[in-house]
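There are 2 protein chains.
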Amino acid sequence: MLHNILEAFSVVLASASPRRQELLQMLQIAYDIRISEIAEPITDDDPAIQAMNHARNKAIAVAQPSNKSELVVAADTIVVLGKRILGKPNSISQAQEYLQALSGKEHTVITGLAIGNQGCYYSDYECSLVQFADLSTDEIISYIESKEPMDKAGAYGIQGLGSQFIRGIQGCYFNVMGFPIHKFYTMLSRLHKEGKI
Amino acid sequence: MLHNILEAFSVVLASASPRRQELLQMLQIAYDIRISEIAEPITDDDPAIQAMNHARNKAIAVAQPSNKSELVVAADTIVVLGKRILGKPNSISQAQEYLQALSGKEHTVITGLAIGNQGCYYSDYECSLVQFADLSTDEIISYIESKEPMDKAGAYGIQGLGSQFIRGIQGCYFNVMGFPIHKFYTMLSRLHKEGKI
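For the protein sequence lines, the chains are A and B, in the order given.
For the first sequence, our numbering gives the first residue as 354, with consecutive numbering after it.
For the second sequence, our numbering gives the first residue as 354, with consecutive numbering after it.
The list treats identical chains as interchangeable, and a pair is accepted whether it falls inside one copy or across any two copies.
List of simulated lysine-lysine pairs, DSS-like, C-alpha gap at most 27 angstroms:
| hint | residue 1 | residue 2 |
| --- | --- | --- |
| 1 | K458 | K546 |
| 2 | K458 | K441 |
| 3 | K500 | K546 |
| 4 | K421 | K549 |
| 5 | K421 | K546 |
| 6 | K441 | K500 |
| 7 | K458 | K500 |
The set of hints was computed from the structure by calculation and includes no laboratory data.
Required output: the full structure, derived from the provided sequences and hints.
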């Protein structure tokens, strides 16, 4: 299990996200936080490649390769509706527009993961589908008034008030929350078995 | 949204489950807890009917119909593998047998919901599919040593260390956790709109 594999390492989480921290705590993993200020520009590239590249860049930015017992873990989550990537809304009207666009539709959430140390990083990604309920304008306005949407990609949080609008998902729930736990476990188990970490 | 509809009521949660309490807190719903000691026998009946009946019985057992502002909320979660219902394991060897049976397979989680007051209750249920990873005997033993499986239906908790074994789900994640939030929201909105609560 994860906490058994990781007890030999100083785990560094390269993320300020309270959701990711909460999940590592749930997994009984001890960690330190080290955050970089690198930008994550959205481009026209494949979203999975972008998410993995962002995660890898976050990991590299905080790593101290001289520390051999260190294992850096980074993640980047992207919300995709059709061909459009929805980042964090930069205004109330953009949050309203995002939620209107998600209403009654299925969208994709992709999280890129990067794990590494000593200058060597491994990346992978997970992809889940999320089915949003039909939302009325009143529901959207009421949700935005709660302030929950403003700091979240796609303008919603599945682990908060937004949960009531989610009809269902297909895939890993924790991926939608921002950290694909089963993917992390399988990556780490494989790297450990192969002697790469 | 839920907290807007519910602010007119004294919500009573008829459940001792810390997971259900955590979800009501996440939804910013104020509640009291009132727990009954009624048994929940597993029978050969349709699991969805059983889950709804158990939830209704839990609600009725704690309700105080004289209190008109009271709204009792109860839930009962059943794990079904094929035609077999997996309850809480009653021994370590039964937990091991359950986890071995779930390994590499898809199973169903059904939660029955009951909402009501003044002697009148409304029930519904939600159904989700859960895909378990292939588990080795070592993984199963290590998981049982964590003590997490022993008080949970099906011998696992999706919101704990068990999360690393879940490849994915199809449906409502919160239903698997024990409280189907979107179903609760749609039920409550409908009952409220129809003037039934």
